[in-house]
Amino acid sequence: MSTADTRIHEYDLVVVGGGTAGPMAAIKAKERNPALRVLLLDKAHVKRSGAISMGMDGLNNAVIPGHATPEQYTKEITIANDGIVNQATVYAYAKHSFATIEQLDRWGVRFERDETGDYAVKKVHHMGAYVLPMPEGHDVKKVLYRQLKRARVAITNRIVATRLLQGDDGAIAGVMGFDCRTAEFHVIRAKAVVLACGAAGRLGLPASGYLMGTYENPTNAGDGYAMAYHAGAELANLECFQINPLIKDYNGPACAYVTGPLGGFTANSRGQRFIECDYWSGQMMWEFWQELQGGNGPVFLKLDHLAEETIQTIETILHSNERPSRGEFHAGRGTDYRRDMVEMHISEIGFCSGHSASGVWVNERAETSVPGLYAAGDMAAVPHNYMLGAFTYGWFAGDNAADYIAGRTFAAVDGAQVERERARVLAPLLREQGLAPAQVEYKLRRFVNDYLQPPKVTRKMDIALDRFDGIRDDLEQLHATSPHELMRAAEVSVIRDCAEMAARASLFRTESRWGLYHYRVDHPQRNDADWFCHAHLKKDDAGRMSSFKRAVEPYIVPIDSQERTAYDRLRVAATPQPALA
Amino acid sequence: MTFTFRETTQRSAAPVTVDHDKCIADKGCTVCVDVCPLDLLAIDPDTGKAYMKFDECWYCMPCAKDCPTGAVRVEIPYLLR
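As you go down the protein sequences, you meet chains A and B in turn. Heads up, the first sequence is in numbering that gives the first Met the number 0, so the first residue is 0 and it goes up one at a time. Heads up, the second sequence is in numbering that gives the first Met the number 0, so the first residue is 0 and it goes up one at a time.
Honestly, the hints are just simulated from the structure, not real lab data. Each residue gets a CB set at the ideal place from its N, CA and C atoms; glycine is no exception. Treat the hints with caution; some may be incorrect.
[Said to hold, decoys possible] What follows is a set of in silico ranges between Cβ atoms, one per label pair, in the way DEER data are often shown: (1) B:Gly69 to A:Gly208: 53 to 61 Å; (2) B:Lys26 to A:Gly208: 51 to 59 Å; (3) B:Gln9 to A:Ser560: 34 to 42 Å; (4) A:Asn526 to B:Gln9: 44 to 52 Å; (5) A:Pro33 to B:Pro67: 28 to 36 Å; (6) A:Asp559 to B:Arg80: 44 to 52 Å; (7) A:Thr564 to B:Arg10: 50 to 58 Å; (8) A:Lys141 to B:Lys26: 22 to 30 Å; (9) B:Lys26 to A:Thr181: 21 to 29 Å; (10) A:His318 to B:His19: 24 to 32 Å; (11) B:Gly69 to A:Arg570: 28 to 36 Å.
[To be verified] Going by beta-carbon spacing under 8 Å, a handful of chain A positions derived as facing chain B: (12) Ala43; (13) His44; (14) Ser48; (15) Thr155; (16) Arg157; (17) Tyr209; (18) Asn216; (19) Asp248; (20) Tyr249; (21) His483; (22) Gln524.
[As the list claims (entries may be wrong)] A few chain A residues that face chain B, going by a derived Cβ cut-off under 10 Å, partial list only: (23) Gly49; (24) Arg109; (25) Ala119; (26) Lys121; (27) Glu183; (28) Ser207; (29) Gly208; (30) Pro217; (31) Arg332; (32) Gly433; (33) Arg487.
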């Protein structure tokens, strides 16, 4: 197959990723400076792309006056993330959280209210109340799309961004990528770029063995992590993996956040509660894993004790939002919430700061360590940031990128950089024969499971690095039979980069922290003396993947010693079992 | 020696199916093709109807929910069913 010529475009700002943070960044940049030419670039279609493709059933981290304070929320997340947070980023989110909710509300996103008209906030976290249901949250993407059109943001769909373009001084000069339907190569010059590419959700292989049976939208393969890495940006605490408690095989959320306030809970095989709090954290996953290891598994979501009308409410919410096919999944297996507990399992690993803390480093202005490069959403390292944090950091990125652009001119395009990338990306299509991308991806992700899934073992992670080197050689033999398969080939390369980052970041931190997320068998204890710090990773000047420590920034909200360990006490105290007669 | 490299394909049953009586792709509709996050659907030039071209389904449902005539059915992929 021949390839068309390279197409060159020019915009002041390019936002890569049209899911959650991306649309907000584009809209806010236009609001800040309506004269800016802003492009929202998506590998899928902005109407239905990203983690909230089918909407969302609630806000998991709403900081609403009268229910919670920014200080209280910052404290909760600091404790939930074992102290390793840049509080300035969490606090900046928390202070802006309510403004973001009000913005979404004005745009037409509906939130649950109580009989007095106040937001109906629920308690799901261990300490404070931050969950605000959105029973009609299935139309979030439609609301965003309308606002994008109103703000006159330019949109290009089906372009897979692969690398950032950089000027002589290292500052961002644009982005490169290809059309997944025509394989046409695109160079988009820009004065700044916002990366909002979501989680690295295709890192581990789901236990089902099905490549696309992931928790995250599989389009979120880690593209943003790889692009930021190759541009020299620092990534933070990648060893704090995302591992989620999910519906077995279906691999969607069991939604204890939705069912918890209505009386549902996570239970062991005897139907007993074993954790006090269903909020996802490394410590919660640790207890989940312990329950499986201890022979009390499987773990289930228990709803069968609830009243009929409560169950109908739960079905209405869960079967129409976020992952609506779960109703069909349960029907196919004859699972009825009235009668049956829902079997759960531990997910494969991924990177996602939306749920854990693994992301591209950003400060409270959504700036990465590379001038002109911003990041927001699941891929940006603001711990436990969820959807509302994605919107909020998208907002910050849009505002600050617009200011950065003011008075700047386009950097000269380095033709050699473009030609190198074009050759790299299109190579699988030009080969006449070779390895199938899906097969290489399967093997790569199986190695991720074999060697990186916690408990993490040093020797296994060393072997993983050898295997990932082998996959790097295999990338040179990939054969794509269509532009569509070329997209999958590009994603395999991204997944390989993320896999190597996951191994190296995990090897670097020689302690255990964040419960199951970073449980190292060879270093089983938490070691605050040596490791109360961030662990960053970047491509060094010699092109090597290198790790280094960064001090935890001084706390804005102090944590007293009693509170510090609150998340270490999640297990329900054992009740004496009746003696056998 | 003349060993010859060969590529083969693996079959699979597409979890997304289209009701040809209801599908109006032949009238110019491309909604399901547009909204699929993984870009898996296409219009069959022989029938003028939408179909699942690549089986990499995330069973996420925009194709079915957004279809103006209710012509698209999403089943859970066999491996997960």
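Comparing the hints with the structure gives:
1. B:Gly69 to A:Gly208: 53 to 61 Å: The hint (53 to 61 Å, Cβ to Cβ) is violated, given that Gly69 of chain B and Gly208 of chain A are roughly 32 Å apart.
2. B:Lys26 to A:Gly208: 51 to 59 Å: 40 Å, violated
3. B:Gln9 to A:Ser560: 34 to 42 Å: For Gln9 of chain B and Ser560 of chain A the Cβ distance comes to about 57 Å; the hint is violated.
4. A:Asn526 to B:Gln9: 44 to 52 Å: 47 Å, holds
5. A:Pro33 to B:Pro67: 28 to 36 Å: 34 Å, holds
6. A:Asp559 to B:Arg80: 44 to 52 Å: 51 Å, holds
7. A:Thr564 to B:Arg10: 50 to 58 Å: 54 Å, holds
8. A:Lys141 to B:Lys26: 22 to 30 Å: 23 Å, holds
9. B:Lys26 to A:Thr181: 21 to 29 Å: Given a distance of about 24 Å, which is inside 21 to 29 Å, the answer is holds.
10. A:His318 to B:His19: 24 to 32 Å: Hint holds: Cβ distance 27 Å, inside 24 to 32 Å.
11. B:Gly69 to A:Arg570: 28 to 36 Å: 48 Å, violated
12. Ala43: Holds. Min distance 4 Å.
13. His44: 5 Å, holds
14. Ser48: Holds, because the Cβ-Cβ distance from Ser48 of chain A to chain B comes to roughly 6 Å (cut-off 8 Å).
15. Thr155: Given a least distance of 13 Å, the restraint on Thr155 of chain A is violated.
16. Arg157: 7 Å, holds
17. Tyr209: With a closest approach of 4 Å, the Tyr209 of chain A hint holds.
18. Asn216: 6 Å, holds
19. Asp248: 5 Å, holds
20. Tyr249: Because about 6 Å separates Tyr249 of chain A from the closest Cβ in chain B, which is inside the 8 Å limit, the hint holds.
21. His483: 6 Å, holds
22. Gln524: 38 Å, violated
23. Gly49: 8 Å, holds
24. Arg109: With a closest approach of 18 Å, the Arg109 of chain A hint is violated.
25. Ala119: Cβ of Ala119 of chain A sits 26 Å from chain B, so the hint is violated.
26. Lys121: It is violated, given that the least Cβ distance between Lys121 of chain A and chain B is near 26 Å, above 10 Å.
27. Glu183: 15 Å, violated
28. Ser207: 5 Å, holds
29. Gly208: Nearest chain B Cβ about 7 Å off; hint holds.
30. Pro217: Hint on Pro217 of chain A: holds, closest Cβ of chain B at ~5 Å, below 10 Å.
31. Arg332: 8 Å, holds
32. Gly433: 8 Å, holds
33. Arg487: Holds, because the Cβ-Cβ distance from Arg487 of chain A to chain B comes to roughly 8 Å (cut-off 10 Å).
Hint violations for this structure: numbers 1, 2, 3, 11, 15, 22, 24, 25, 26, 27, all remaining hints satisfied.
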